[in-house]
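Let the hints inform the model, and build the full structure from the sequences given.
There are 2 protein chains.
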Amino acid sequence: MNGNHEDRKVPAQALGKQSIRFINPVYCIGSASVVGKKEGEGPLRDLFDVILEDDMNGCNSWEEAESTLQRDAVSTLLQKSEIRSENVRYLFGGDLLGQSIASTFGLLSFEIPYIGLYGACSTCGLSLSMGSMAVAGGFAENVICVTSSHFASAEKEFRFPLSYGNQRPLSATWTVTGSGAFLLSSSKKTGVHAAITGITTGKIVDYGLKDSMNMGACMAPAAADTILQHMKDFHAKPADYDKIITGDLGEVGKTALQDLLLQKDIDLSEQYMDCGIEIFDDDTQDTHSGGSGCGCSAVVLSALILRQIERGIWKKVLFVPTGALLSKISFNEGKSVPGIAHAVVIESC
Amino acid sequence: MNGNHEDRKVPAQALGKQSIRFINPVYCIGSASVVGKKEGEGPLRDLFDVILEDDMNGCNSWEEAESTLQRDAVSTLLQKSEIRSENVRYLFGGDLLGQSIASTFGLLSFEIPYIGLYGACSTCGLSLSMGSMAVAGGFAENVICVTSSHFASAEKEFRFPLSYGNQRPLSATWTVTGSGAFLLSSSKKTGVHAAITGITTGKIVDYGLKDSMNMGACMAPAAADTILQHMKDFHAKPADYDKIITGDLGEVGKTALQDLLLQKDIDLSEQYMDCGIEIFDDDTQDTHSGGSGCGCSAVVLSALILRQIERGIWKKVLFVPTGALLSKISFNEGKSVPGIAHAVVIESC
Numbered sequence: 001m002n003g004n005h006e007d008r009k010v011p012a013q014a015l016g017k018q019s020i021r022f023i024n025p026v027y028c029i030g031s032a033s034v035v036g037k038k039e040g041e042g043p044l045r046d047l048f049d050v051i052l053e054d055d056m057n058g059c060n061s062w063e064e065a066e067s068t069l070q071r072d073a074v075s076t077l078l079q080k081s082e083i084r085s086e087n088v089r090y091l092f093g094g095d096l097l098g099q100s101i102a103s104t105f106g107l108l109s110f111e112i113p114y115i116g117l118y119g120a121c122s123t124c125g126l127s128l129s130m131g132s133m134a135v136a137g138g139f140a141e142n143v144i145c146v147t148s149s150h151f152a153s154a155e156k157e158f159r160f161p162l163s164y165g166n167q168r169p170l171s172a173t174w175t176v177t178g179s180g181a182f183l184l185s186s187s188k189k190t191g192v193h194a195a196i197t198g199i200t201t202g203k204i205v206d207y208g209l210k211d212s213m214n215m216g217a218c219m220a221p222a223a224a225d226t227i228l229q230h231m232k233d234f235h236a237k238p239a240d241y242d243k244i245i246t247g248d249l250g251e252v253g254k255t256a257l258q259d260l261l262l263q264k265d266i267d268l269s270e271q272y273m274d275c276g277i278e279i280f281d282d283d284t285q286d287t288h289s290g291g292s293g294c295g296c297s298a299v300v301l302s303a304l305i306l307r308q309i310e311r312g313i314w315k316k317v318l319f320v321p322t323g324a325l326l327s328k329i330s331f332n333e334g335k336s337v338p339g340i341a342h343a344v345v346i347e348s349c
Numbered sequence: 001m002n003g004n005h006e007d008r009k010v011p012a013q014a015l016g017k018q019s020i021r022f023i024n025p026v027y028c029i030g031s032a033s034v035v036g037k038k039e040g041e042g043p044l045r046d047l048f049d050v051i052l053e054d055d056m057n058g059c060n061s062w063e064e065a066e067s068t069l070q071r072d073a074v075s076t077l078l079q080k081s082e083i084r085s086e087n088v089r090y091l092f093g094g095d096l097l098g099q100s101i102a103s104t105f106g107l108l109s110f111e112i113p114y115i116g117l118y119g120a121c122s123t124c125g126l127s128l129s130m131g132s133m134a135v136a137g138g139f140a141e142n143v144i145c146v147t148s149s150h151f152a153s154a155e156k157e158f159r160f161p162l163s164y165g166n167q168r169p170l171s172a173t174w175t176v177t178g179s180g181a182f183l184l185s186s187s188k189k190t191g192v193h194a195a196i197t198g199i200t201t202g203k204i205v206d207y208g209l210k211d212s213m214n215m216g217a218c219m220a221p222a223a224a225d226t227i228l229q230h231m232k233d234f235h236a237k238p239a240d241y242d243k244i245i246t247g248d249l250g251e252v253g254k255t256a257l258q259d260l261l262l263q264k265d266i267d268l269s270e271q272y273m274d275c276g277i278e279i280f281d282d283d284t285q286d287t288h289s290g291g292s293g294c295g296c297s298a299v300v301l302s303a304l305i306l307r308q309i310e311r312g313i314w315k316k317v318l319f320v321p322t323g324a325l326l327s328k329i330s331f332n333e334g335k336s337v338p339g340i341a342h343a344v345v346i347e348s349c
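These protein sequence lines are chains A and B, in that order. Numbered per the numbering used here, the first sequence spans residues 1 to 349. Numbered per the numbering used here, the second sequence spans residues 1 to 349.
What the hints contain is simulated information worked out from the structure, not anything from laboratory work. Keep in mind that this is a model prediction, so the values were computed, not measured. Positions of the beta carbon are idealized from the N, C-alpha and C atoms, including for glycine. Check before you lean on any hint, since a few could be wrong.
Here are the simulated DSS-like pairs of lysine-lysine, each with C-alpha atoms no more than 27 angstroms apart in a straight line [stated by the list, open to error]: (1) K264/A x K210/A; (2) K328/A x K189/B; (3) K80/B x K189/B; (4) K328/B x K156/A; (5) K189/A x K188/B; (6) K328/B x K17/A; (7) K328/B x K210/A; (8) K17/A x K210/B; (9) K156/A x K210/B; (10) K80/A x K189/A; (11) K210/A x K156/B; (12) K17/B x K188/A; (13) K17/A x K80/B; (14) K17/B x K80/A; (15) K80/B x K328/A; (16) K328/B x K328/A.
Covered stretches of chain B (in silico footprint by chain A; criterion: 3 or more residues with CB under 8 angstroms from a CB of chain A, positions within the stretch not fixed) [what the hints assert, rightly or not]: (17) 87 to 96; (18) 190 to 204.
Facing chain A, a subset of chain B residues (Cβ under 10 angstroms, in silico) [said to hold, decoys possible]: (19) K17; (20) E63; (21) G116; (22) A134; (23) A152; (24) S153; (25) M273; (26) S336; (27) H342.
Here you go:
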């Protein structure tokens, strides 16, 4: 990656108000997923790279366990991709914990320049967006994007420690224990068939909802805003995509999103799916509205979505992780729960 | 910003392991600083744009007050720069609070695509780095980078609420109540004389220190690592800079940094200063080791450093905000306090 790139063409086109089209695609040349026990018993069980036997992963705290998810996801990715960490120019990472400590302690051993991101459960989309910019802009040949969440550390961070045994309403989602890591590159590798070709960066959208046990409803307006803007900026329609996939709206948010977009004459019914709904089987796993967390969209992207694209089953996907921008403090102080959603176009190539 | 940029040259050169040189400089066409009462009584009192009469700024909570700092910094910047928010393509923002809620609630009213960053007190450097990449890569014409901290919300977040009246050791720093915002642009404006010409992105550096009341010592190794790598990547020496300025190492960290670099034959004594030491007068303001927080480096950059560069008094500055990557939870669980530092080269132009 040394050397002067003055002679390379700028491979990007800013579209409309919030989008970028990458003229030279950013190749996703590898990915890895690490999940907890419950996720490993769900419908996607055969697709994950690593399934933990115990969600503590040999650690003394939930936070430390979450760190090991990121560490293991990046290690697995480096191994699968046969690339050394010295050849990765940036790590774009994030998680849901206060001050992103899962990323700090999970990623420090790699000694790769680190860009910490926070977009709540949308962080996977944010990391892919910023990683793509770094690669497409000619600032890096290879970057890794990684995010995680952990059911136990998230419940403690946002609601109550598990040992309190609090009840969960049916609108609540179940934070996924898992981490997904992605290797983005300016060079195509043999056998690689997935590339990021565009992004739409979301705005903070606040409908004034305050129920932290109904994140789907809080995030749906942001997902609608980003998808609508994406369609405008790219002059696209839902039929241009094989799938339009949100991160973790769950059952409640899914309905809200589709209703909001129908009001704008955008009908997602043919293409829509949600990572949070795919990852668990609510009939047998009792996860209520579905999975959530910035590990949720990341592991589903790695295990399911990229696999379908790699195989050419899906040619073009709009991946839209969604985040609820609250903290325990903002919630306790009576603030609303604004949402944000970052869309990434992934195509087979 | 619409239109095809295929014909533009990529204006960046990746240097060494961690650095980028922007061949086309990224202009800093405006900045704004908003500070609290105590900061407004310190040595830089005459240089800030807005000084609050009351650190609650008319709000009901410290967190809400911190949000208004970011809101007011961005509003002041837009006003000073005579630019409308629709013409700003991205907001790169962050703060120290869990889940970055000061940024969420402070920035939502601007309706600008938002990229949330977390680098603890280094976030100002991180935001300028990522903002510069977005501009230099041709992804945006104008972006705003904004960070904040607030003494009362930070004490509550990392140590104890103020009403507990806990004692502070002499090694402790005083979190600055303030927010600084910067408008970066690909186009030079009449009267603008400051530009970002390079960056060195830091790694997470952990020397195993655990004292959250001595952040300076925790962060000094990261600052040393980034400055050393910067000098290698750019084939530079301290004398190439008029000033080398860390974010908030304070008195303890300042000594540690200089000692660490002297061991590598880098002598900063001629050029070195620290924003945390500049912002308060310890003799009269009782701030112990100095100021800290990602508002500290941001407001000193806006009020003092850019002013000196604009006037041509300093031609070339290496600005190195430093961050301590801990949370109340990681601290209480006995983890170390790793550091990170992101360097930005700012030149008069």
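- request: If any of the earlier hints don't hold here, list their numbers in rising order.
  value: When the structure is compared with the hints, numbers 2, 5, 6, 8, 15, 23 and 25 turn out to be violated.
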